[in-house]
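*Asks:* Chains A and B supply the protein sequences, listed in that same order. Our numbering puts the first residue of the first sequence at 1, with every later residue one more than the last. Our numbering puts the first residue of the second sequence at 1, with every later residue one more than the last.
Read the hints as simulated data drawn from the structure, not as lab findings. Each residue gets a CB set at the ideal place from its N, CA and C atoms; glycine is no exception. Honestly, I wouldn't trust all of these hints.
Simulated crosslink set (BS3-like; lysine-lysine; CA at most 25 Å straight-line) [stated by the list, open to error]:
1) 42/B to 72/A
2) 375/A to 355/A
3) 72/A to 44/A
4) 72/A to 61/B
5) 63/B to 53/B
6) 53/B to 42/B
7) 61/B to 105/A
8) 62/A to 42/B
9) 42/B to 343/A
10) 63/B to 105/A
11) 287/A to 44/A
12) 44/A to 343/A
13) 355/A to 287/A
14) 343/A to 355/A
15) 62/A to 272/A
16) 44/A to 62/A
Okay, the calculated bits of chain A under chain B, using three or more residues with CB under 8 Å as the criterion [claimed, not checked]:
17) 126 to 132
18) 340 to 353
Have a look at the derived ranges for each label pair, beta carbon to beta carbon [said to hold, decoys possible]:
19) 64/B to 281/A: 30 to 40 Å
20) 45/A to 99/B: 45 to 55 Å
21) 251/A to 50/B: 40 to 50 Å
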Amino acid sequence: MRFMSQSICGATLILAAGGAAAQSSVTLYGVADVFVQYLDNGGKHSFSERSGGSTGSLFGLKGSEDLGNGLKAVFDVETGFNINNGGFFADSTAMFYRQSWVGVKHDSYGQLSFGRQYQPSFWAVYFTDPFRGNEVMSPLAAADLAGATDRSTLATQYVSGRTSNSIFYSSPDMRGVHVYAMYAMPSTVTQPVPVRSGAMVDVAANYSGYGFYAGVGYQYQHGSQESAPLVPTAPTLLTTFDLMGTEHFTGALAYRLGIVNFQFNYSYNRPKDAPAGSLVTITPAVKLPLASLVHSYSIIELGATIQATPADVIEIAGIERDVRGVHDNTPGIEVGVDHSLSKRTSLYMRAGYLKNNGSANMSWPGVTGVASGSKQVLAVLGMTHRF
Amino acid sequence: MKQNKVFTLVGSALLVLASLDVHAQSSAAAPASGRSYASDAKAVKAADRALQKNVVRALSKTKGLRATTITVRAHNGVVILEGTVPEQSQVGLATQAAEGVEGVASVTNALTLSTL
């Protein structure tokens, strides 16, 4: 009897130990990325030390727990930070600005998760940007985020890449095909400018195989409201105006030929018309028609990622952002080189040129005081370390 | 007009880069074949290309591996995997998948990690 209870006890212990090892895991991961930048911002020259030019500086925790029958509980929380001062990236009120979600994942049925997550349209386009959608140095991010600064598209919404309060479904791999769907409840943020977002729907699909990649996405953002500075000479004067419901159509292609991956993406962003006669009140005496802030726009990017040697990657991209209905457009070009020192550490270089025409004021993200119709020239040297 | 110029520039830069690559590959293939016959060099090159395609195919069929951001280089049965994968576990997975392809003598893994 005593022998039996001992062995049961032992067996239980063994099971418990085995279970702890196999059933759940948590990984701490991150990136520390710093670069020195030279910028010619419409004739004003500056040098600065910045964060996250190859991959955003970040750290996160992700994990999973095996629930049995092919089902797992999964989560990921990931913060963005500025390596130079230790501050939060982009939004100082958000601890996990980049990702924050929990859900379930099944081997054959896919993943269903809830929280702040990457959008389906992001997953459609991500593989076709040579600069991997980096939100500091990618020309695609620059063209996308110009939606937040360009006067003619200020009340047209842009694809933000990540969405809070979202429900996300991602299919398993089906012979190279993935489908993604997202619904997001309205949310409110206070930084970088106060925005009350409406609900959002996003669906996308992509295919990858035999060196070929194709992705399509459709996103609809309901109308919302934003408060932003509209007078360049009075940057602290915030004006509140409506953001139009906006549809985004995204298409992306890539083809790998030997060591060169040719990449292409296009998006068309179409807002609903502003209600006839609606005005934006800047001061009681100064009003402007809301329609002047509402225009469709497109972004086209053509580029290549070249694996020159096992340790060196060359990226090149040409970009153009076009606003419809006004003479606002921005062509640009960017080249980059990433040199790996090890699996986890690399040095990188970026150089780029953007030419704003009309009243366009596109620039690399995080650059302030960009004048309408100005040229931007940029060169950076950086180092990135992944842990 | 100016936009056209920019795109022409990008286009011609890509062409130049593409042709540079072609030169680099052919010059590397010739001495390694050990003979100066042009047809031999061609055969080696064709075999390298076929092997590269087979490895790309095998990688894209491997469950749990994101092959979209992996570059494959193949020469005389020696395969080099380059580019990025999002997780450490996929680095080993890619090597295993490549080693399973017929005609692969050895696999050098130069993959790095990219968080996304």
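*Asks:* Decide, hint by hint, whether the structure agrees.
*Replies:* So, going through the hints one by one against the coordinates:
1. 42/B to 72/A: Status violated; Cα separation ~51 Å.
2. 375/A to 355/A: holds, 5 Å
3. 72/A to 44/A: violated, 53 Å
4. 72/A to 61/B: holds, 23 Å
5. 63/B to 53/B: Given that 25 Å is the threshold and the Cα spacing comes to 18 Å, the pair holds.
6. 53/B to 42/B: holds, 17 Å
7. 61/B to 105/A: holds, 20 Å
8. 62/A to 42/B: violated, 49 Å
9. 42/B to 343/A: Violated. Residue 42/B to residue 343/A sits at ~34 Å, over the 25 Å cutoff.
10. 63/B to 105/A: holds, 15 Å
11. 287/A to 44/A: Since the Cα atoms of residue 287/A and residue 44/A sit roughly 31 Å apart, the hinted pair is violated (cutoff 25 Å).
12. 44/A to 343/A: Violated: residue 44/A and residue 343/A sit about 38 Å apart, past 25 Å.
13. 355/A to 287/A: Distance of about 30 Å is beyond 25 Å: violated.
14. 343/A to 355/A: violated, 36 Å
15. 62/A to 272/A: With a Cα-Cα distance of about 39 Å, the restraint between residue 62/A and residue 272/A is violated, given a limit of 25 Å.
16. 44/A to 62/A: violated, 43 Å
17. 126 to 132: Our answer is that it holds, as 3 residues pass the Cβ test (under 8 Å) against chain B, meeting three.
18. 340 to 353: Coverage by chain B holds for the segment 340 to 353 of chain A (4 residues, Cβ < 8 Å).
19. 64/B to 281/A: 30 to 40 Å: Given about 55 Å between the Cβ atoms, the range is violated.
20. 45/A to 99/B: 45 to 55 Å: holds, 52 Å
21. 251/A to 50/B: 40 to 50 Å: violated, 31 Å
The structure fails to meet hints 1, 3, 8, 9, 11, 12, 13, 14, 15, 16, 19 and 21 from the earlier list, while all remaining hints are met.
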